[in-house]
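Protein chains: 2
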Amino acid sequence: MSKKQMLYVAKIKDGTVIDHITAGHAMNVAKILDIGEKSNAIITIAINVPSKDLGKKDMVKIEGRELNPEEVDKIALLAPHATINIIRNYEVKEKKEVRLPKIVKGIIKCANPACISNSNEPVQPLFYVESEEPLSVKCHYCSHIMEKQDILRQF
Amino acid sequence: MSKKQMLYVAKIKDGTVIDHITAGHAMNVAKILDIGEKSNAIITIAINVPSKDLGKKDMVKIEGRELNPEEVDKIALLAPHATINIIRNYEVKEKKEVRLPKIVKGIIKCANPACISNSNEPVQPLFYVESEEPLSVKCHYCSHIMEKQDILRQF
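In the order they appear, the protein sequences are chains A and B.
Quick note, the first sequence lines up with residues 521 to 675 if you use the working numbering.
Quick note, the second sequence lines up with residues 521 to 675 if you use the working numbering.
Keep in mind that a hint or two might mislead.
A pair counts as met if it fits within one copy or between any two copies, since identical chains are not told apart.
Quick list of in silico lysine-lysine cross-link-like pairs, DSBU-like style, CA-CA up to 30 Å [claimed, not checked]:
#1 Lys629 <-> Lys531
#2 Lys551 <-> Lys622
#3 Lys613 <-> Lys558
#4 Lys533 <-> Lys615
#5 Lys658 <-> Lys531
#6 Lys558 <-> Lys531
#7 Lys533 <-> Lys629
#8 Lys558 <-> Lys658
#9 Lys616 <-> Lys558
#10 Lys531 <-> Lys622
#11 Lys572 <-> Lys558
#12 Lys658 <-> Lys622
#13 Lys622 <-> Lys558
#14 Lys613 <-> Lys629
#15 Lys658 <-> Lys572
#16 Lys533 <-> Lys658
Bear in mind the hints are in silico, worked out from the structure with no lab data behind them.
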């Protein structure tokens with residue numbers, strides 16, 4: 521971590537740092553992680569801070585919590601350049617880049633109520649990523665296109 | 521500012537620090553201030569950090585922006601202990617405590633659609649604050665009670 525980044529939000533002892541979030545998307549990541557009135561964890565968020573690679577970026581640091589795979593997959597949809605660092609005793613113990621797969625399974629639903637994936641059939645929602653930024657996915661079953669705002673509404 | 525606070529989010533050069541926000545309410549304050557994808561300002565948020573006075577608290581720091589009176593009034597509804605510091609060249613130039621008045625005028629609407637304040641009559645919404653925490657306000661015209669979640673939906 522560079523000195524520049526240290527200026528905005530401090531290191532954490534144990535927990536997760538989500539770095540390189542697309543600028544302006546920290547609040548969406550916070551929504552995915554259900555950060556709100558009921559959270560007890562110490563959380564720091566930095567929005568629109570300078571970034572060498574991205575020009576500007578957001579960061580979210582959460583004390584004492586590691587993310588589950590579903591949360592990581594959701595973050596990948598909204599912030600495909602994000603890196604997730606697991607911190608233990610102030611040191612990065614694990615570093616992973618989120619990756620937006622070409623095919624998205626299970627974590628979002630088709631917004632078309634008539635789609636077979638919304639019926640009682642045992643059909644798992646499945647989407648093709650048509651564009652990463654701006655995000656656009658297409659339903660395998662009914663070809664309905666969903667964009668970022670449609671997806672955010674489900675989180 | 522104490523050393524302890526410096527550990528979480530850094531000083532800003534020019535802008536506004538909203539301190540002593542009721543713990544867990546920073547995201548609501550962010551919503552009031554319309555912090556999201558379209559913001560360009562550098563913003564840092566600290567949630568559930570230790571506080572001498574409140575046990576724990578939230579903070580929001582916004583570079584290059586001062587709040588308008590309506591924003592301050594809305595924050596008072598959700599975080600009645602908040603202090604707002606205007607920062608210029610790293611120093612606190614002005615400090616004000618938000619204050620939840622006994623009577624709230626104009627900034628929220630009655631959630632009862634049949635209330636006269638929701639008709640075409642020239643009637644300004646007016647509420648009595650029945651309880652600060654948890655927040656509860658009563659409409660002057662129809663006695664409808666609104667709680668925090670009802671009010672948040674309007675912001």
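Numbered hints the structure breaks, given as an ascending list: 1, 5, 7, 10, 14, 15, 16
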